[in-house]
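*Asks:* Here's the letter readout for the chains.
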Amino acid sequence: MTLALLGWSIPLQVVFNGLSLGLGYAVIAAGIVLIYRCSGIINFAQAAIGAFGVASFVVLFQNYHLPYPLAAGLGVAGAALLGVTTELLVVRRLFDASRVVLLIATVGVAQLIAFLIFYVLPPVKGGPIPVAFEAKWARFHLGDSLVVGTRQTSLVLLVAPVLIALAWFLTRTRLGLHIRAVADNPANARLVGVSPRKVSTLVWGMAAAFAGYTQIAVAPIVTRTADELAGVSSTGLLLRALVIAMAARMRSITVVVIAGLALGAFESLVAVNVDRDPGAFNAFLLVAVLALVLALTRGRTRPGDTSIAIGARSTPIPESLAGLRWVRHAPAGGMVLLLAIALLVPLFVEKPSQLLVWTEVLVVAIAAISLTLLTGWAGQLSLGHFAFAGVGGLAMLAFTRGQPMGLGLPIVGNVVAVTVDVPWLAAMALAIGLGVFFAVLVGLPALRVRGLFLAVTTLAFGFMAGSWMFNRAFWNGGRQSVRSAIRERPELFGVDFGEPRNYYYLCLAFLVATVVIVSHLRRTGAGRNMIAARDNEAMTAASTVSPTRAKLTAFAVSGGLAALAGCLYAFLLPGFNATGDASPFSPDASLRLVAIVIIGGVGSIGGAILGTLWVLGLPALFGATDTVQLLTTNIGLLLLLLYLPGGLIQVVQSGWAATIRYAARTHGAATRAVKPASTVAFHERRHSTPAAGTPWLEAKGISVRFGGLLAVDDVSIRVEAGETVGLIGQNGSGKSTLLNAISGFVDHDGSVSVLGRDVSSRAAHERHAIGLGRGFQDAGLFRSLSVRETVLVALEARRRSLILPALLALPPTNRWERTKRAEANDILDLLQLGQYADRRIEDLSTGTRRVVELACLVANGAKVLLLDEPTGGIAQREAEAFVPVVQRIQRDLDAALVVIEHDMPLIMAISTRVYCLESGHLIASGIPHDVGNDPLVVASYLGTDDRALVRSNQPATAP
Amino acid sequence: MTKESVDANVDAPVLAVPSGSPLGLGEALRIGGSSLLATLFLLAVVDEMPRVALAVLAPDIQNAFGISDTVVLGLIGLTGVALVLSTLPAAALGDRLRRTWVIGFGTVILAVSCVAVGASPNAFLLGVALVGAGFGVGSRMPNASSLLADGYPLAARTRVYAAEGIGRPIGQLLGPLFAGSVAAAIGGPDAWRWVFLALAAPLGCLAVLAFMLRDPPRGQYERQHILGTVLDPDEAEPPISLSAAFRRLKKVRSFYFVAVGIAVLGFALVSVPSLISLLLERQYGYAASTRGWMLAITWSGSIVVVPLLAVLGERRFARQPADLLRLAAVLLAAFGVLVVLGLRFSAIAPFIALYTMANAAQAGAFVLISPAVAAAVPPRMRSQAFAMVGLYVFLFGGFFGNVIAGSLSDAYGERTALTLIVPVAALVGAAFLLHGARFLVPDIALVAEEIREDADERQRIAGGGAVPVVQTRNLDVSYGSVQVLFDCEIEVARGECVALLGTNGAGKSTLLRTMLGLTSPDRGVVRLNGRTITDTDAEYRFGQGIVAVRGGDGVFSALSVQENLDMSFTATRVAATQRAARVAAVLDLFPVVAERLDEQAGDLSGGQRQQLALARALLLEPEILLIDELSLGLAPIVVQSLIAIIEQLRARGQTILLVEQSMNIALSLCDRVLYMEKGRVTFDGTPAELAARGDLVKSVFFGAAAAR
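Residue numbers (this note's numbering), protein chains in the order written: chain A, 9 to 967; chain B, 3 to 710.
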């Protein structure tokens, strides 16, 4: 029987087979969800652990003729043991490490398991993979045309009860409760006697047993012979499982099953109706991922949405040692040494093939730096980064080939068809542009999701590109193997780059340029803004910088650099496959690139180079023997991660820290005189004050809705010139939400005008540029930036950093940077933060962070300051000393102030007027005395207990 | 005493034996009983044999199953992995059951595994059986070493370790002899199977003996030595959690560097015997029995050297304990050099002679390392410490070392592989040992200080002093290289409500975390009702009644309110019948929470969440309630209701430690106030006294800025 819909034929048998395939995907996804829910790790080894179970099962069944249940039981036990071992030896050690490090560790575990299957288990003695129920009853007809095979019957009978049991276990049992509690808040779980570690071991054991069990059930459907088993852990299967898990928001097992079935059926239908090529489905998969990303972000909670913050932590040179020349120049010295060695390599390498390998090291280092920029700075994990390199490389070949242009995407298709045939350098520029374009395109979802979910998106892109897109005629010229551009003998200034040695130096020049550009970028505003946007989007916007733009800039620069690496690749190999496992741009190469960056140390340029040297340089140096392979891939990767979770650069950094300590010991006395604070340009007028009588801030009829909850309901407030307005109310009454609405961080009804200008439809960073200044309840600032850099980001309000001049080191970048630095130092001195200037924000106490926040407000020079519990989290006496400082800044900036505070004596003393909110409504407003005696306010907020009211003893002086 | 002052005190090695009071081994045996040492010695001898036999018979086993060098070394490594996995749990089990029983069980497993190895039909099942053997050996090692330290007087410890340690070379000597002769006697391709079958019988007998041994009290001789008297061991001392032991041991610097050094050394130690056996077969063409004899001879030197070193070591230890580790480092370096020297000779005689000397050096080093480790780590976590030593040797040597050695020898031959691996591993390992030696004496002093402190405290209580509910003494805590707490001492008596105040970054939260078991101290103790709980997990402390309410982040947002309350009971043994009554009683206190049982905790307002967290804590009728930031960011009316609840609790006699930012709230609620500054408790007195001390509470950050 065949149905037809939208021109697609929908044969029932195909749908049915697809559904059973989908059930297979679903069970792998369920295991991923289970581990994710407990530990926040996306386990890339899930499929491999299951494969180990299947492999042991098949060996026991085929080679040793154990009965099915016994062999299957042992297989499941083996998988469970492997899961528990992985947890104990790998996950537990990395318990406090970044989730990305753990993700890469699981990739290493997956490789190691593949090794185990290959070397430790005896080879299978052939035959098909056994099926649980092969009796006649298990094969029957359903209706006229639907045949249900024994494999399908077995699958349903085996898997369905287990899936139901799993769902029941998670929601109904005590252990399920523990798992959910640990996933929610591990620190709290410990304090109610539940050990997150034990729960984690249990979950890994369970998930591994589950993987073993379900994959034994699924194996006859997914693969036919034991030989294919190794393929079970392939990226394609994993990607499908991840997409399903993502559709279920990493939560509901029910949704996992439904999504799995749907995906399986859809895949079979695509195969029948569109293209038999399994790669074609990957294009659809990418579309599905993008649709999911859009749908997912509508919800309130966003699991997996933590950005990746594992910046390398280098010890800054303390002021006292900045005068020592050798200390100041040591970091650059290391790079120069590396460069010197790199320059000498061709003199010692005789064989052209060997030189080719070293050239590859240089090229991959460029790609690694581009990923470092994206992942380490902007916090966006890209698991498909080599696809951008592929875009660059293949596009360049296409441009030099001179052929009709059509990007091979289903949508762009044949719309654009221009023939281009340009010289190689111009082609390279075009290709880099295309890389930037694709990176921005893929980066768009990054505006909505971050962290691990973005990783799935990029993985899907990399997979789609590597298995399908690059197979279109534009990219590979219609051939399986692409001819390299090196045969064209590219030439520049009479130098023939077809000569391997010359080409090596060309790549080295590009690498050096990359290092210089990227490290310069890090020192200038554009690079700082990327890190700022990663650490704290709201604070970035409050510094008048658009986080969206900062993130897209990171994608663009990174994509461009990756494309550059791809272009260099295009010359490197005499010929290569555009798609498939052997392709230099395959998804596996992307994963390897992530491993390189993690091994080297995320966020550090030196780390990227060290990582490349380890993974590619060691085999080049010692030959690709088994041992070297073992060290540079699975075991070596795991060991490095276990002992150096911060990457190889960690060794360099601790050596550097020791050097600094040594220098401080020997030259401690040679301190530089502290510069006296010069006057800060408080009165540099950034904003023109509106006409007298116009309120500086006016919010009319503000309403904010979260789902069904009306958090702020039709609230209007106005702030006159130079006023201090208090905002009080119960927790959850909508005070912070109101400020967030005014700042533009949440969608709202009603209108907001700042300094007489209507900003209701403006984005947050634009509102702050017009004259809002914002302090946050948590004073989170930018955790991985130093105090000085934080103030520098705030100074963006006065002078915006430009990306292109920063990239090319053009004026006015350097002059502006110098001016800004001087200004930042002045502000730090003013607030006596000089001694903290080079400390990272995350190392500061709450009190100091609050002062840094004030420094940012000074830097910002705003006219209307919105402060959310500025004394929250600091000790009483510090709070008492804090307020006069706030008031002085307000006076010097000539600004109006809106402040949320629970300290009643304080707020009553400094405010000219007070608003009181209750459940999103305004219940009182007026001068402090009136509001404080309002019976409604007393009943809902103030209460009658003096001890709760009087939190500070000395009310600050009124302005 | 702070860390620095301990360091300053190091000229007097407190645990070292006073010179002039040597203790003969015979006398030590009379004091401690000879059966313990005898059994452990025999076990050391026989335990070694299956692994040695495996190494010697490797070629036959390879032939039987058709497997390569890499696989056979990998299989031997698998034994090591099992050993790794079992040492730590075995140490933990020894804490909870009796160490002697754990050894007995382990030996039974080993005996059964030997039978299974002998009977294995294929490589896969052979691997499974070898895993079992690894488990068996792994459960003996950590427990035997800690038993010896507790079983015999301090003054004879090096020789006691030597006496047990000599079992290993003897086992190495007898193992190949045994394997070689049995294999030769039976003959044929399956002779190796009988070797393993034959090993099961002595192992079974020793298991029975082990079960009959007495388990001596932990640290009894340290106490005797330092205090001069034997105090009754604290029977109620809770078992140490593995993760806490790990965290604590990592901070014992001498031990840490010894462990790292041994880890590096492991790359050489485990793969050398197997590779040399293969070398002897491949390059010299010796048969199994000949190889057995030869390898046996290489262990003969140790039997002479070990007793000599024991006497020498005992003397050095009395004068300067660190010399033990220095000497061990020299011996290990010598091991590396001797092996490489031996490999330069292609003639068999000098090769075997040098290898014999190398083995003697290696065995001697280990005899010296054991007493140093036993002295440096606190007596109650010796099992864990020795487990970690074993773990490090076999994790690296047994698995990674073997894999690398296997691949190298497959590619370049055994000689090259050994020449590459051994010297590097030996020299780097020795360097780590040398470095660790610098910290040995301070570490020993810390152990002594802890024992003294414990005795003083018991004496105080015996003299009629009150037992505080919670007490910390001499607490030093650091994160990485940054020390946060210095010598922190606080006490909270039953029924007291104490406030902990201080500026930001003064260490209040760290102190709380240490009391809760979330952070391990470098030094010092935490006690609950007089029992030491320094090295227990947060989970255990919760069960014992230390219950915390964390300000701002105290609930499980993703769970419902009801589930949040349920969480309190899941890890405790509160009878189901009592639960309902308690929940009802607590919900009476918190009507706001009672109304919202089915809502998600994340949907509650900040005040409601704080109330829920407090309600959940109260369900358990805690011994002490630790409240962190009660009023943080809460509206006055919410704070008012919380204050009312705290007052009710106080009236009921609930012991409370309250960390607060608001001095006014703290002063009005509490009986006593502790003030912290820069990691030290600088004030302890009544609220009135604190109010009078204006100097203590002046602000830290903005004095100058505010004055402008």
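Keep in mind the hints are simulated off the structure, nothing from the lab.
Quick caveat: nothing in here was measured; it's all calculated off a predicted structure.
Here a beta-carbon is modelled for each residue, glycine too, at the ideal position from N, C-alpha and C.
There's no promise every hint is true.
Claimed, not checked - Some but not every residue of chain B turned toward chain A, in silico, with C-beta under 7 Å: (1) F544; (2) Q546; (3) F558; (4) S562; (5) Q564; (6) G609; (7) P638; (8) I639; (9) Q663; (10) S670; (11) D673.
As the list claims (entries may be wrong) - Calculated cross-link-like contacts (lysine-lysine; reagent style DSBU-like; alpha-carbon spacing at most 30 Å): (12) K253(B) <-> K680(B); (13) K252(B) <-> K206(A); (14) K133(A) <-> K144(A); (15) K206(A) <-> K253(B); (16) K252(B) <-> K680(B).
*Asks:* Next, verify each hint and record whether it holds.
*Replies:* Hint check results:
no.: 1; hint: F544; result: holds, 4 Å
no.: 2; hint: Q546; result: violated, 10 Å
no.: 3; hint: F558; result: holds, 5 Å
no.: 4; hint: S562; result: violated, 10 Å
no.: 5; hint: Q564; result: violated, 11 Å
no.: 6; hint: G609; result: holds, 5 Å
no.: 7; hint: P638; result: holds, 4 Å
no.: 8; hint: I639; result: holds, 4 Å
no.: 9; hint: Q663; result: holds, 5 Å
no.: 10; hint: S670; result: holds, 4 Å
no.: 11; hint: D673; result: violated, 15 Å
no.: 12; hint: K253(B) <-> K680(B); result: holds, 22 Å
no.: 13; hint: K252(B) <-> K206(A); result: holds, 21 Å
no.: 14; hint: K133(A) <-> K144(A); result: holds, 26 Å
no.: 15; hint: K206(A) <-> K253(B); result: holds, 23 Å
no.: 16; hint: K252(B) <-> K680(B); result: holds, 25 Å
Going through the hint list in order, the structure does not satisfy hints 2, 4, 5, 11.
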